[in-house]
Amino acid sequence: MSGVAYHLGDLAKELGAELLGSGDVEITHAETIQDAGEGAICFLANSKYRQFLTTTKASAVILNSTDAKQCPVPALVTDNPYLIYARVASLLYPVSAVTGGIHATAVIDDSAKIHPDAWVGPCVVIGAKVEIASGVSVGAGSVIEDNCVIGEDSKLVANVTLCHDTQIGKRVIIHPGAVIGSDGFGNANDKGVWFKVPQIGCVQIGDDVEIGANTTIDRGSLRNTVISKGVRLDNQIQIAHNVHIGDHTAIAGCAGIAGSTTIGKYCTLGGGVGVTGHLELGDNTHFSAQSLVTRSFKNPGYYSGNLPAVPNGEWRKTIARVRRLQRTNQRISRLEQTACLSQDESDSSQED
Amino acid sequence: MSGVAYHLGDLAKELGAELLGSGDVEITHAETIQDAGEGAICFLANSKYRQFLTTTKASAVILNSTDAKQCPVPALVTDNPYLIYARVASLLYPVSAVTGGIHATAVIDDSAKIHPDAWVGPCVVIGAKVEIASGVSVGAGSVIEDNCVIGEDSKLVANVTLCHDTQIGKRVIIHPGAVIGSDGFGNANDKGVWFKVPQIGCVQIGDDVEIGANTTIDRGSLRNTVISKGVRLDNQIQIAHNVHIGDHTAIAGCAGIAGSTTIGKYCTLGGGVGVTGHLELGDNTHFSAQSLVTRSFKNPGYYSGNLPAVPNGEWRKTIARVRRLQRTNQRISRLEQTACLSQDESDSSQED
Amino acid sequence: MSGVAYHLGDLAKELGAELLGSGDVEITHAETIQDAGEGAICFLANSKYRQFLTTTKASAVILNSTDAKQCPVPALVTDNPYLIYARVASLLYPVSAVTGGIHATAVIDDSAKIHPDAWVGPCVVIGAKVEIASGVSVGAGSVIEDNCVIGEDSKLVANVTLCHDTQIGKRVIIHPGAVIGSDGFGNANDKGVWFKVPQIGCVQIGDDVEIGANTTIDRGSLRNTVISKGVRLDNQIQIAHNVHIGDHTAIAGCAGIAGSTTIGKYCTLGGGVGVTGHLELGDNTHFSAQSLVTRSFKNPGYYSGNLPAVPNGEWRKTIARVRRLQRTNQRISRLEQTACLSQDESDSSQED
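Protein chains in written order, with my numbering: chain A, 6 to 357; chain B, 6 to 357; chain C, 6 to 357.
These are calculated hints, taken from the structure and not from any lab test. Hints may contain errors.
[Stated by the list, open to error] Once the Cα atoms are required to be at most 30 Å apart in a straight line, the calculated DSS-like pairs of lysine-lysine come out as:
hint : chain 1 : residue 1 : chain 2 : residue 2
1    : C       : LYS322    : A       : LYS234
2    : C       : LYS196    : A       : LYS322
3    : A       : LYS303    : B       : LYS18
4    : A       : LYS234    : B       : LYS18
5    : A       : LYS196    : B       : LYS18
6    : B       : LYS303    : C       : LYS196
[What the hints assert, rightly or not] Restraint-style ranges between C-beta atoms, simulated for each label pair:
hint : chain 1 : residue 1 : chain 2 : residue 2 : range
7    : B       : ASP288    : A       : ARG300    : 25 to 35 Å
8    : A       : GLU285    : C       : HIS120    : 33 to 43 Å
9    : C       : GLU319    : B       : ARG55     : 24 to 34 Å
10   : C       : ASP29     : B       : LYS196    : 44 to 54 Å
Think of the CB as a built atom: it goes at the ideal place given N, C-alpha and C, for glycine as much as any other residue.
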């Protein structure tokens with residue numbers, strides 16, 4: 006994609022970054038540091054890519070002051086190169102404004118209130134009493150059931166489903182295939198047979214939230230499921246009923262949060278993390294990829310589980326050794342007896 | 006949501022629960038035990054919430070006889086409070102009856118048979134020879150390919166896809182984004198290049214099954230993929246070709262079942278469980294969240310895998326110690342030699 | 006499903022398999038070895054099913070020369086029974102040719118170029134400058150945003166979403182609910198608050214790729230996300246931005262690949278595998294189900310992680326013993342001191 010053109014000096018001023026070299030360089034687009042050529046700006050934020058700095062063909066690089074010493078071309082110097090890059094890219098590739106209107110094939114209940122500045126695309130279906138604010142874009146194929154409310158400047162890309170009574174804040178982006186407000190997994194057991202528990206809560210999505218493709222967020226069983234402002238959810242995440250996610254928390258793809266769990270503010274969950282139900286994860290807690298979280302962690306910190314992959318032969322032996330730990334402990338106990346040393350009760354007698 | 010009103014005494018009679026206190030109390034809605042106010046009924050089924058009992062402002066509580074002693078308000082006493090709650094909620098929040106009809110924007114093949122009592126929503130597409138029974142509701146944006154059959158009173162919420170020849174039983178609920186009958190992952194290898202194996206089986210869904218949002222169920226490669234009656238599937242579950250799931254089994258979100266595996270009746274699989282192919286899991290087997298199941302378990306029981314998350318520093322040390330178990334065993338063997346004790350062959354010589 | 010009829014001898018000739026017994030047997034359909042009856046051909050490729058060979062009622066079996074000795078009926082003998090079966094099934098159940106045309110309810114931008122031999126189904130939405138080649142089938146409810154290109158004979162089954170500028174090769178199959186080209190999970194942190202990083206790359210899908218139901222593939226942040234020719238992706242896979250997957254690699258359901266990771270040619274990833282970002286997995290690397298891959302593996306080989314499920318009681322003890330490994334090592338060190346043996350520094354002093 007080609008972007009809008011800027012002088013590097015103007016970008017420096019606009020974004021409050023330090024200019025290194027000529028401000029007259031014209032920036033027309035962004036590229037990676039290794040691919041960049043004439044007119045391109047790139048960034049260096051991950052040390053894995055530092056090897057490409059001295060030979061980059063970019064017209065300018067965004068980097069920190071240490072790396073700036075080796076930069077062969079003009080630069081924007083900053084403590085947070087990735088953030089400044091994001092802002093530069095937002096200027097080079099501005100999101101086009103929404104043109105208001107309703108496509109002829111959209112099916113809209115008479116009682117829905119669609120702001121004239123909002124766009125409703127082809128084959129969209131909108132139920133009774135839905136309220137859609139100014140600047141909203143509802144992409145093709147989306148279904149919005151009764152009583153939903155969508156705040157200003159939010160965007161449903163395409164094929165999004167909002168079940169009844171879902172509330173979406175302002176400037177929310179929802180990617181294709183996402184389902185918000187589906188019934189939670191509530192089942193009471195009657196002598197082996199499951200009886201459906203009515204799910205009568207709703208989903209509330211705060212301002213500035215982004216929700217990835219095919220992510221699902223269930224409605225509350227009684228209380229609402231709440232995604233607070235600024236939260237970022239990647240693709241294929243499952244959020245169960247009654248979950249509460251605090252401001253500015255980010256969750257990577259394929260994670261799953263079971264029912265009634267509360268996650269604090271400023272947390273990060275890696276891809277594939279699973280959190281069981283009725284837990285409380287405090288503010289500023291962080292979980293590495295594929296961790297299984299089975300208890301509450303209220304203190305800020307970095308938490309992990311799981312055995313990373315190794316060559317299969319090594320892994321098979323490791324599993325076998327883990328399975329033999331009882332025997333390992335028994336051997337130690339026998340040695341302790343022989344040496345007339347006191348034994349570790351917790352290891353040998355009690356538990357095994 | 007506000008519901009229908011009932012007197013507590015009538016609910017007790019209707020549901021066969023023991024009435025404690027006045028039966029004249031009017032119940033208008035349900036709430037959680039901590040949020041409940043005037044007119045609300047709540048339940049106490051999880052001991053984590055017992056702390057809220059003595060101060061609840063609910064008009065009535067559903068609980069067991071032990072908890073009933075401390076209950077400050079009228080109550081319904083029962084051995085299974087969650088089930089009685091589910092039934093009360095079903096009365097307070099009845100599902101509205103389906104109004105028959107076909108929306109003008111639905112596209113329906115001439116050879117399809119739609120019962121006049123069924124509802125077909127906007128932008129629904131229905132293929133040749135599809136049969137839709139009385140009371141069925143097909144929500145907006147759903148696609149039903151040729152030769153599918155949907156039994157009485159089933160509901161496809163919205164944006165559901167049924168691929169050709171899928172059979173859906175009675176009173177089945179399918180949530181948005183679910184895909185039933187997609188081709189299984191069948192690939193034969195021809196010197197490194199994959200050749201697609203035709204998937205010529207179908208999917209059969211029994212009566213009273215519920216299927217969560219964005220869950221996928223592949224058609225059989227030869228035999229059918231079968232989901233038996235009363236099964237509950239949460240969101241984002243992947244069921245591969247030829248899988249057979251027995252009556253009344255419940256599977257939580259993000260679980261994946263590989264091809265040709267059979268799961269018995271009355272089983273439960275926690276969130277994110279992965280089951281490899283061609284296995285047999287017996288009736289009444291239960292698997293905790295994120296377990297990896299790599300062999301058959303035919304006996305009833307509770308099975309688990311995985312290392313739950315701990316603080317990252319502790320986890321890193323644990324991983325290192327697990328990786329050093331070979332060295333640990335060697336140290337023990339050396340001690341045994343020194344002490345002239347017989348060594349454990351399986352630990353030291355053979356395997357390592 | 007009933008298929009087309011063939012004589013076994015003709016199949017043998019057509020596919021280059023050795024004929025055992027009469028070539029006059031008529032084959033009308035395929036079934037499993039245990040279910041097969043008159044007119045059915047079946048195959049034996051997995052030793053678990055060998056028990057059914059001597060009693061099969063099939064009209065013919067596809068198997069290897071060793072098993073052929075026990076085969077009670079005519080057979081096709083080959084080194085690769087599953088591949089020959091796949092080819093037989095492709096003959097018995099041919100894919101019906103696409104009939105060109107555009108359904109009246111499809112919404113197509115005037116600037117899109119649809120080949121007259123392509124089929125565009127009901128309620129499909131196609132944006133500006135989209136190019137659709139001969140023989141393509143776009144199933145009901147699919148949304149194709151601006152500037153997408155779809156090569157000859159590709160098939161979007163139904164309810165597929167292609168975001169803008171996505172390029173699809175020839176003979177690609179995309180199953181329902183798949184989303185290609187959604188924004189990657191790019192977020193720069195500004196004092197705790199996330200700032201969206203524009204995702205300006207695209208997705209390129211090579212020829213002969215198959216993409217499963219509800220799988221998501223994000224567009225590149227700067228470079229493109231690339232799925233090379235012949236790749237097979239099962240259902241519910243998440244491919245993040247900038248990922249590159251080499252020719253003929255196959256990935257099973259529920260796997261997730263984080264951003265900027267490169268996977269080589271001829272690899273296989275089991276179900277639920279998670280790969281973290283910025284890694285490089287070489288050609289012919291293979292990963293077992295649910296493995297967590299946290300570092301690059303450049304050499305061909307088979308890699309694994311994870312603890313498979315066992316009975317819960319055993320698992321709880323194993324976890325406890327793993328957690329006590331520090332104490333275990335201390336006990337060994339004490340014994341070594343007592344025996345005046347040198348201690349293993351790495352186990353006792355340094356790390357713990």
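Now the hints, each set against the structure:
no. : hint                            : verdict
1   : C:LYS322 x A:LYS234             : violated (42 Å)
2   : C:LYS196 x A:LYS322             : violated (45 Å)
3   : A:LYS303 x B:LYS18              : violated (44 Å)
4   : A:LYS234 x B:LYS18              : violated (46 Å)
5   : A:LYS196 x B:LYS18              : holds (20 Å)
6   : B:LYS303 x C:LYS196             : violated (53 Å)
7   : B:ASP288 x A:ARG300: 25 to 35 Å : holds (30 Å)
8   : A:GLU285 x C:HIS120: 33 to 43 Å : violated (57 Å)
9   : C:GLU319 x B:ARG55: 24 to 34 Å  : holds (32 Å)
10  : C:ASP29 x B:LYS196: 44 to 54 Å  : violated (32 Å)
Checked against the numbered hints listed earlier, the structure breaks hints 1, 2, 3, 4, 6, 8 and 10; every other hint is satisfied.
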